[in-house]
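Undergrad: So the chains spell out like this:
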Amino acid sequence: MTRTEITLSVNGCQHTLALDPRVTLLDALREVIGLTGAKKGCDRGECGTCTVLVDGRRVYACLTLAVMHDGATVTTVEGLADGTDLHPLQQAFISRDALQCGFCTPGQILSAIGLLAEGRATSEQEIREFMSGNLCRCGAYPNIVAAIRDVAGAQ
Amino acid sequence: MAPLEYLRPSDEGAAIALAEADGRACLLAGGTDVVGLLKDGVLAPSRLVDINALPIAGVEIRDGGLSIGALTRLSDVADHPAVRGRFPALAHAVLAAASPQLRNMATVGGSLLQRTRCGYFRDPVTPCNKRAPGTGCSAIDGEHRLHAILGGSDRCIAVHPSDPAVALLALDAVVRTRGSRKERAIPVDDLYLLPGSTPERETLLEHGELIVAVELPATSFAARSCYLKVRERASFEFALVSAAVALDVRGGVIRTARVALGGVAPRPWRARAAEAVLRGSRMTEATIAAAASAAVRDARPREQNAFKVELVRRVLTRVLATAGAGG
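Chains A and B, in that order, give the protein sequences.
Going by this note's numbering, the first sequence opens with residue 40, and the numbers climb by one from there.
Going by this note's numbering, the second sequence opens with residue 340, and the numbers climb by one from there.
Bound-form chain A, shown alone:
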């Protein structure tokens, strides 16, 4: 199988990868680069736990091929904290107890960062609608919304 060489900037680190074109961005992050923060839930674009930022926009890493992103900048949950200083959304999720099992949390936080950048967090109703691409099987939604409102209000 012919491999395709790409470069990705992930959380500020440059990676040059020679990949089978069938490898998804999610598998490249988890299995090749070794960053397992983005989770594999449904692996079919329905649950949102694989959400990462590509060039600043939230996407599902499971539903896109890594070779489609040559030269892109990718942010995963591992790239959010500044040393021991958590990202405001990470801190808000802890303060608001916005998780139970935590499996969906990396995707929720990356999606919420995308949401705030889009300017779509002006009301509880709007947050719920524009976080609809991230499911929480534990049902922590009220506290997830509260955490996002805290950070949106502080901005």
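By construction, these hints were calculated from the structure, which means they are not laboratory data.
Be careful, since some hints might not be right.
Chain B stretches covered by chain A per the calculated footprint, using a threshold of three residues with CB under 8 Å from any CB of chain A [unchecked claim]:
id, segment
1, 340-346
2, 365-375
3, 381-393
4, 603-611
Derived CB-CB ranges, DEER-like [what the hints assert, rightly or not]:
id, chain 1, residue 1, chain 2, residue 2, range
5, A, D94, B, D402, 27 to 35 Å
6, A, P181, B, E482, 47 to 55 Å
7, B, E545, A, T112, 15 to 23 Å
C-beta: ideal position from N, C-alpha, C; glycine also.
Here the structure of chain A is known, so what remains is to put chain B in place on it, guided by the hints.
TA: Relative to chain A, chain B alone:
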């Protein structure tokens, strides 16, 4: 997923040539549908031609209308001030589609060419005339609660899943395409084929023919347009029934009407009988009821999806009242 060749040309001519040269090639844009179909083994192309490097993204105001590059992401379509202000049905439909992450990935051209969500089409081992012509339709005698009540055939009753396509149909949008020998301008209304005896053929497009833009003409009815989608949860779900309507009302009389339905037919469905009822009428409760009934007069529901007939009437009643009140 079978091994495949991946190519990323940077100009349209090369992309078309690479796709045309291989009868098993597949064009790849946002990938939100194609990657899923590859994973499920429904598509098994020998070659993927990734068109994302082509310079065909962005919204331009042209001749009073809009030209939307085929690679424009759905989120950028919905956010464009001219789309929101002058073609509200399209903005509503785009925001009703999928989830924010998918809208950041999916393109307007790809949205028109989405494949059906019929579970039998998406399961590579069951009979399906669309996926494997001649094997039979599993839905007709199987699970068909979500299937077509209009436009189906005895070979296929799958529905087209796109929300944006329904709004584009109501707004008289035109698809600009390019092949190696010709360029075409195809009204969205002419783009789709009914399944008949060949459900595997879904559009007029030829193998390798590329959608380069979707054009929205300036019309008298686009500004007063809206889209309503009914689904089984509040968000992030395909339509049970959806409707896009666009009206030109002057002096209380409807001069022109467009009514398009989603979730009920193998293609975005133009309800011409409803349009005929509306044209020349005043927007009264009686007019709305007559138009809503006309839209489903030819419906052929099956055992599990008869509810869609009444649902179409109710969706149209609500969306016509909204548009009639000013959009």
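Undergrad: Each hint needs a verdict: does it hold in this structure or not?
TA: Consistency of the hints with the structure:
1. 340-346: holds (count 5)
2. 365-375: With 5 residues in contact (Cβ-Cβ under 8 Å with chain A), the coverage given for the segment 365-375 of chain B holds.
3. 381-393: holds (count 3)
4. 603-611: Coverage by chain A is violated here, the residue count being 0 at a Cβ distance below 8 Å.
5. A:D94 x B:D402: 27 to 35 Å: With Cβ atoms ~32 Å apart, the hint holds.
6. A:P181 x B:E482: 47 to 55 Å: Distance hint for P181 of chain A, E482 of chain B is violated at roughly 35 Å.
7. B:E545 x A:T112: 15 to 23 Å: 37 Å, violated
When each numbered hint is compared with the structure, violations occur for hints 4, 6 and 7.
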